[in-house]
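Participant: So the protein sequences, as listed, match chains B and V.
If you read the first sequence in our numbering, its first letter stands for residue 1, the second for the next number, and so on.
If you read the second sequence in our numbering, its first letter stands for residue 1001, the second for the next number, and so on.
Hint data in this document are derived by calculation from the structure and do not stem from the laboratory.
Treat each hint with caution, since some may be false.
What the hints assert, rightly or not - Below, in silico cross-link-like pairs of lysine to any residue (SDA-like), each with a Cα-Cα straight-line distance of 20 Å or less: (1) V/1194 / B/234; (2) V/1007 / B/249; (3) V/1015 / B/241; (4) B/199 / V/1182; (5) V/1007 / B/204; (6) B/82 / V/1104; (7) B/114 / V/1096; (8) B/199 / V/1183; (9) V/1015 / B/210; (10) B/82 / V/1194; (11) B/114 / V/1093; (12) V/1147 / V/1057; (13) V/1015 / B/203; (14) V/1104 / B/81; (15) V/1133 / V/1194; (16) B/150 / V/1185; (17) V/1007 / B/81; (18) B/82 / V/1105; (19) V/1015 / B/248; (20) B/95 / B/30; (21) V/1007 / B/234; (22) V/1044 / V/1149; (23) B/15 / B/47; (24) V/1007 / B/251; (25) B/95 / B/81; (26) B/200 / V/1104; (27) V/1007 / B/203; (28) B/199 / V/1009; (29) V/1007 / B/134; (30) B/199 / V/1181; (31) B/200 / V/1182; (32) V/1103 / B/141; (33) B/15 / B/119; (34) V/1103 / B/224; (35) V/1015 / B/211.
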Amino acid sequence: MSESMHITLNVWRQKNAQEEGRLEAHACDVSPDMSFLEVLDVLNDKLVSEGKEAIAFEHDCREGICGSCSLVLNGQAHGPHKNTTTCQLHMRSFKSGDNITVEPFRAAAFPVLKDLVVDRSAFDRIQQSGGYVSVNTGSAPAANAVLVPKDDADSAMDAAQCIGCGACVAACPNASAMLFVSAKIAHLGLLPQGQPERKKRALAMVSAMDREGFGNCSNHFECGAACPKGISVANIARLNRDWLGAVLTEREERKDQGD
Amino acid sequence: MPTWLQKILSSSLGKKYITAITGLLLVLFLVAHLAGNLTIYADKDGSAFNSYAHLIESNPLLPLAEAGLLVLFLAHIGLAVRVTIENRRARRSRYAVANDKGKKTTSSATMIWTGLIVLGFLILHIWNFRIGKELAGESGDLYTLVKSELRQGWTPWAYVVGMGALGFHLWHALRSAFQTLGAAHPYLDEAWEKLRWLAVVLALGFASFPLYFLFYT
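The following block holds chain B by itself, in its conformation from the complex (with noise of 0.2 Å):
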């Protein structure tokens, strides 16, 4: 077994929503070959068996393609390795005696529920507004019956890698979702079957991403860096352009139908 680490935690406690939180230090004897979640689930048991309130955080697959968890520590989010979720981040990649601290993703669109547990529901209501396609239920079409080039197949499944954890909201200095939207927009945007609604998809989602309150853009991107999944920013020039050519493009809905 290999020998084990002290290591001090600041993590982030707030009762709800609406009151203030502040960091709370916790001291952690771990094992290097524990994942991070398995650190606050130690720490939760010992809250617990205390009498005290085990830390609130989300977690699910615990494999990496999930995107429930999230957490930004020391200040990067889903910490400090390329393309690795807060799950798969191992306790190896610290040194004893380290200080982390633990926070939530923050932003006005992410509000904290509570300690580091926040409401992402603003990327579904994205994804409701237009990240879908449209198909006709029934029998199964035959294979091979829409050919999509290689090129074109592989750039829609790099964005379709997204797992919408929201860790390029919280790595942005704006707050923005544009690598999540992006990624949405290229995913369908470059297959046949997501080309009737490409317009409508471009238009309906930025609308939505600002409805929510995400910032702009500006070009930093530390998004793409903070992306477990590898997203590229390229996605978000695609975005810029498809949204344009929409705005420019798009016809009115027709207003003769019925009469």
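Guided by the hints, dock chain V onto chain B, whose structure is given.
Facilitator: Frame of chain B; chain V shown alone:
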């Protein structure tokens, strides 16, 4: 107002599009301005610069060009200030630990401040030469005015600081504007990375004039 213009102005992306386009047009103006100013170095008595200045002043379209520049500046500054205020509102509580993933630069993080310093410079510059020339009337030639203003007290140093801020501002701007306009592609990105050196050329070029008058004339 047509619907498409309304749509553009009410959207976060539209505001950025207009900021980027007006910014790039202002850069084109700066390139022409610097090229014209280089006539200062053509001779010692300033006759080349004065005849260049006369060529501009005698153009009947000058008021139109000035009005155009004013509109560009007002739109660029107004939208940039509005976007910055919205960005501040988008994160009300700050992180206890300020950190990043290394992509942010001093230039990208200080756009609003370098922009406001350039605005301060611009007001001084218009006071010195646009209004200064009107006050001097027909008698004074522009070269003599430039020479005397740029050797006076703190003015040359204010110009150098203003141009330093301009350099920082354009270093991010020249990369950011094309991304905002959607012009991104591996080949294009390479070109933009080179184009941003224009920021350094413009800043050093303009800053050279006060230093020249201060130390070499």
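Participant: Work down the list of hints and note, for each, if the structure agrees.
Facilitator: Comparing the hints with the structure gives:
1. V/1194 / B/234: Holds: residue 1194 of chain V and residue 234 of chain B sit about 18 Å apart, inside 20 Å.
2. V/1007 / B/249: Given that 20 Å is the threshold and the Cα spacing comes to 12 Å, the pair holds.
3. V/1015 / B/241: Status holds; Cα separation ~14 Å.
4. B/199 / V/1182: holds, 15 Å
5. V/1007 / B/204: holds, 12 Å
6. B/82 / V/1104: Between residue 82 of chain B and residue 1104 of chain V the Cα gap is close to 16 Å, so the pair holds against 20 Å.
7. B/114 / V/1096: holds, 17 Å
8. B/199 / V/1183: Given pair residue 199 of chain B, residue 1183 of chain V holds - Cα atoms ~18 Å apart, limit 20 Å.
9. V/1015 / B/210: Within the cut-off at roughly 12 Å; holds.
10. B/82 / V/1194: Not satisfied, since the Cα-Cα distance of roughly 27 Å exceeds 20 Å.
11. B/114 / V/1093: Distance of about 15 Å is within 20 Å: holds.
12. V/1147 / V/1057: Holds. Residue 1147 of chain V to residue 1057 of chain V sits at ~19 Å (cutoff 20 Å).
13. V/1015 / B/203: holds, 14 Å
14. V/1104 / B/81: holds, 17 Å
15. V/1133 / V/1194: Between residue 1133 of chain V and residue 1194 of chain V the Cα gap is close to 37 Å, so the pair fails against 20 Å, i.e. violated.
16. B/150 / V/1185: holds, 18 Å
17. V/1007 / B/81: violated, 40 Å
18. B/82 / V/1105: holds, 19 Å
19. V/1015 / B/248: The given pair, whose Cα atoms are some 15 Å apart, holds under the 20 Å limit.
20. B/95 / B/30: Roughly 11 Å between the alpha carbons, so the hint for residue 95 of chain B and residue 30 of chain B holds.
21. V/1007 / B/234: violated, 24 Å
22. V/1044 / V/1149: Distance of about 17 Å is within 20 Å: holds.
23. B/15 / B/47: With a Cα-Cα distance of about 16 Å, the restraint between residue 15 of chain B and residue 47 of chain B holds, given a limit of 20 Å.
24. V/1007 / B/251: Satisfied, since the Cα-Cα distance of roughly 13 Å is no more than 20 Å.
25. B/95 / B/81: holds, 14 Å
26. B/200 / V/1104: violated, 32 Å
27. V/1007 / B/203: Holds, at roughly 9 Å.
28. B/199 / V/1009: Measuring from Cα to Cα gives roughly 18 Å; hence the hint holds.
29. V/1007 / B/134: violated, 25 Å
30. B/199 / V/1181: Roughly 17 Å between the alpha carbons, so the hint for residue 199 of chain B and residue 1181 of chain V holds.
31. B/200 / V/1182: holds, 18 Å
32. V/1103 / B/141: Measuring from Cα to Cα gives roughly 44 Å; hence the hint is violated.
33. B/15 / B/119: Since the Cα atoms of residue 15 of chain B and residue 119 of chain B sit roughly 14 Å apart, the hinted pair holds (cutoff 20 Å).
34. V/1103 / B/224: holds, 9 Å
35. V/1015 / B/211: Judged against 20 Å, a Cα distance of about 15 Å means the pair holds.
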